[in-house]
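Trainee: Spelled out from the first residue to the last, the chains are:
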Amino acid sequence: GIQVEQSPPDLILQEGANSTLRCNFSDSVNNLQWFHQNPWGQLINLFYIPSGTKQNGRLSATTVATERYSLLYISSSQTTDSGVYFCAVERVGNFNKFYFGSGTKLNVKP
Amino acid sequence: AAGVIQSPRHLIKEKRETATLKCYPIPRHDTVYWYQQGPGQDPQFLISFYEKMQSDKGSIPDRFSAQQFSDYHSELNMSSLELGDSALYFCASSPTGEAGNTEAFFGQGTRLTVV
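Listed in order, the protein sequences are those of chains F and B.
If you count by our numbering, then the first sequence holds residues 33 to 142, one letter each, in order.
If you count by our numbering, then the second sequence holds residues 4 to 118, one letter each, in order.
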């Protein structure tokens with residue numbers, strides 16, 4: 033398989049602070065996605081980003097495929113950003129199977 | 004926009020009973036995935052289908068089986084339920100792009116509790 037490591041495992045922020053979440057993976061990927069799992073368990077798509085940089089409001093993500101890592105940036109955090117952030121990848125040549133990292137649990141305090 | 008629909012949302016079963024979870028993928032998505040997420044864990048891959056054929060298989064117990072039907076909906080059948088099967092079960096779907104699959108979307112999950 034492929035190893036997917038996320039850091040930090042836990043993060044506590046004051047509302048309004050910025051943060052960077054990291055996802056390292058051990059092999060070449062053709063698909064990388066970031067998800068936010070809210071307190072109700074729903075997995076919400078944040079970014080489909082096998083390479084390059086994307087931005088969506090206060091969130092942005094960068095994947096450097098050649099160096100096998102991806103970063104998720106959260107700016108001006110809000111309490112509604114709380115939850116678990118997962119990185120998931122599909123390895124090149126191994127379609128139809130996502131490997132998830134263990135997630136970053138974010139708690140944004142008012 | 005249409006999303007992945009899973010039913011039921013919640014299910015309570017007793018040990019040794021059988022459960023059937025259903026998944027309706029986004030229209031024109033040809034790949035369906037099933038995942039199991041235990042409390043405090045990351046989602047674990049169970050099985051996937053591409054164009055109604057099993058594509059890949061993960062750590063799925065022999066007590067579990069799944070199939071995808073002609074209308075592309077999928078069902079996960081779980082027999083002889085055990086307490087440890089209590090989890091959130093996700094279905095996801097994706098279309099196939101030129102370089103493989105593209106963005107996958109997850110349903111809201113079925114929360115199974117075995118008592």
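Honestly, the hints are just simulated from the structure, not real lab data.
Bear in mind that the values here come from a model prediction, so they are computed numbers and not experimental data.
Please note: incorrect hints may appear among the correct ones.
[Claimed, not checked] Here are the simulated DSSO-like cross-link-like pairs (lysine-lysine), alpha carbons at most 30 Å apart as the crow flies:
1) K86/F - K129/F
2) K25/B - K60/B
3) K16/B - K55/B
4) K60/B - K16/B
5) K86/F - K55/B
6) K55/B - K25/B
7) K25/B - K141/F
8) K141/F - K55/B
9) K137/F - K55/B
10) K60/B - K18/B
11) K86/F - K137/F
12) K60/B - K141/F
13) K141/F - K86/F
Trainee: Evaluate each hint against the coordinates.
Mentor: Going through the hints against the structure:
Pair hint K86/F plus K129/F holds up; C-alpha atoms about 24 Å apart against a cutoff of 30 Å. With a C-alpha separation of about 18 Å, the suggested pairing of K25/B with K60/B holds against the 30 Å cut-off. A C-alpha spacing of about 28 Å is found between K16/B and K55/B, which places the hinted pair at or below 30 Å, so the restraint holds. Of the supplied pair hints, the one linking K60/B and K16/B holds, its CA atoms being roughly 25 Å apart against a limit of 30 Å.
For the suggested pair K86/F and K55/B, the alpha carbons sit about 33 Å apart, so the restraint of at most 30 Å is broken. A C-alpha spacing of about 15 Å is found between K55/B and K25/B, which places the hinted pair at or below 30 Å, so the restraint holds. With a C-alpha separation of about 37 Å, the suggested pairing of K25/B with K141/F is violated against the 30 Å cut-off. Our distance criterion of 30 Å between C-alpha atoms is broken by K141/F and K55/B, whose separation comes to about 46 Å.
Proposed proximity of K137/F and K55/B is contradicted: the alpha carbons are some 36 Å apart, above 30 Å. The suggested pairing of K60/B with K18/B holds, with an alpha-carbon distance near 25 Å, which does not exceed 30 Å. Distance hint between K86/F and K137/F is fulfilled; the C-alpha atoms sit about 22 Å from each other, no more than 30 Å. For the suggested pair K60/B and K141/F, the alpha carbons sit about 40 Å apart, so the restraint of at most 30 Å is broken.
Restraint check for K141/F and K86/F: the C-alpha separation of about 26 Å stays at or below 30 Å, so the hint holds.
Of the numbered hints listed earlier, those contradicted by the structure are 5, 7, 8, 9 and 12.
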